[in-house]
Every structure is written in C-alpha cells, then in structure tokens.
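*Asks:* If you want the building blocks of each chain, they are given just below.
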Amino acid sequence: DGGITQSPKYLFRKEGQNVTLSCEQNLNHDAMYWYRQDPGQGLRLIYYSQIVNDFQKGDIAEGYSVSREKKESFPLTVTSAQKNPTAFYLCASSIILGTGELFFGEGSRLTVL
Amino acid sequence: QQQVKQSPQSLIVQKGGIPIINCAYENTAFDYFPWYQQFPGKGPALLIAIRPDVSEKKEGRFTISFNKSAKQFSLHIMDSQPGDSATYFCAASRRSNDYKLSFGAGTTVTVRA
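Chains as they are written, first to last, in this note's numbering: chain A, 10 to 122; chain B, 24 to 136.
All the pointers check out, no bait thrown in.
Facing chain A, according to a computed beta carbon distance under 10 Å, are these residues of chain B, among others:
#1 Q25
#2 Q29
#3 R118
#4 K123
#5 A128
#6 G129
In silico DSSO-like links for lysine-lysine, alpha-carbon gap of 27 Å or less:
#7 A:K23 with A:K66
#8 B:K65 with B:K123
#9 B:K28 with B:K65
#10 B:K28 with B:K81
#11 A:K92 with B:K123
#12 A:K66 with B:K65
#13 A:K79 with B:K65
#14 B:K28 with A:K92
#15 A:K92 with A:K23
#16 A:K79 with A:K66
#17 B:K123 with B:K28
#18 A:K66 with A:K18
#19 B:K123 with B:K80
#20 B:K123 with B:K91
#21 B:K28 with A:K66
#22 A:K80 with A:K18
#23 A:K92 with B:K65
#24 B:K38 with B:K80
#25 A:K66 with A:K92
#26 A:K92 with A:K18
#27 B:K38 with B:K65
#28 B:K28 with B:K94
#29 B:K123 with A:K66
#30 B:K65 with B:K81
#31 B:K91 with B:K28
#32 B:K94 with B:K123
#33 B:K80 with B:K91
#34 B:K81 with B:K94
#35 A:K80 with B:K65
#36 A:K79 with B:K123
#37 B:K123 with A:K80
#38 B:K80 with B:K94
#39 A:K18 with B:K65
#40 B:K28 with B:K80
Hints listed in this document are in silico derivations from the structure and should not be mistaken for laboratory results. Cβ atoms here follow ideal geometry from the backbone N, Cα and C, with glycine treated the same way.
Make a model of the complete structure from these sequences and hints.
*Replies:* As structure tokens, then:
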C-alpha cells in the first residue's frame, strides 16, 4: 500500500536534547512538507521541499531543521533551540508543489519533559 | 496571525442533522479552498475542494458553499452520521505563494446517535 510512514508515533525528550522525526513516502511524490499541530491553532507549516536537496522555510521554521537527501525521505530535527517543542507533528506529500492536495502521515507526538 | 478564520471551534448535532462550519479570509489572491477531515490519532485527509469560479460543490453528503464577494466559504454535512465525527479544517492557498496552504484552526464535530 502506498502512503506516508512517520516514526516514532510517540516520543519523549528531555529539555536541551535534539530529536529527529522520520518521514518516508512511497507515493513517488516530489514535494514533502512538515506541519505542526497545536490545539486551537490548526496546522502550521514548518518546512517544505519541492525536490531532492532543496527545501524552504515555512511559517515557523525557527528551532527546526530538515534534510532531503532522497526523494522518499524528509526527516525533521527538533533542536534544543525550539522553545516550545511539545506538539503533534505531521508529515505530508503532494505529487508536485502546488497541487493543493496533501497526503498526510499519521503523525508523531513529541512531549518534552 | 491566522489568514483563514474558522468557526465554530466545536459543535454537536444529532444523527441526521446538518452541521455547518464557516470560514472567512481576507486575501483575495487565494484561489484554492480545500477542506480536510481528521479522525483522532490520524493525519488529515482531503475531503473536498473548491475554486472561486464555482459557488457550490457537492461530493456525496458534503457540500461546500463559496461566497466570493463576502470572502467566505462553508462546509455542510448533510444527513450527518456518527462516523462523521471528526475535526474539520478549512484551508486556502494561492499561486503566488507556491500554493502553500493556510489552515483554519479546526472545528470538532460530534454527531450523536
């Protein structure tokens, strides 16, 4: 089955630690995205990538980093510089940038202790 | 600052009722308006979408109404069922911003049997 796989589903981190969330897709989509979801705020775009080895900052990129070394993979690192990292993180992809139709993974819930 | 304002935050209806979710925007450059449905613990999935040259679009029991002059659009769920209980997000995007989606804050709909 084609889709987007995010791991881990739940993650706990101590303050001051970096953590990397995995996102893999087998849909052969060019574009990939990371969103953050907080209660009452909808989804906010962290980073997006149109093609391999290229990515752009979204609306709330501070304290996060990404890489796109392979078409299928778009990992997100939540660094210690992110002031409020506890959230639900969603990875998504689309056939190309700008189609509007996003396919989402099931999310990773990060809790900072 | 949220570019798409969504209301209400939550609503409860009886089975067979018609929950209505409203969204408003300011940026007249928006030209694509999708709705996403999210079940607990899952990622959102595209439900239905509309472009501003159309005033209404139906897909099954879901209808989008679009009022370009008022800069508003709404989702109606006809003959709602308990399985429709989910969080619904409206969104908007524009060509000049790489079609990046701006999401509303979400509406949690509960359909009572």
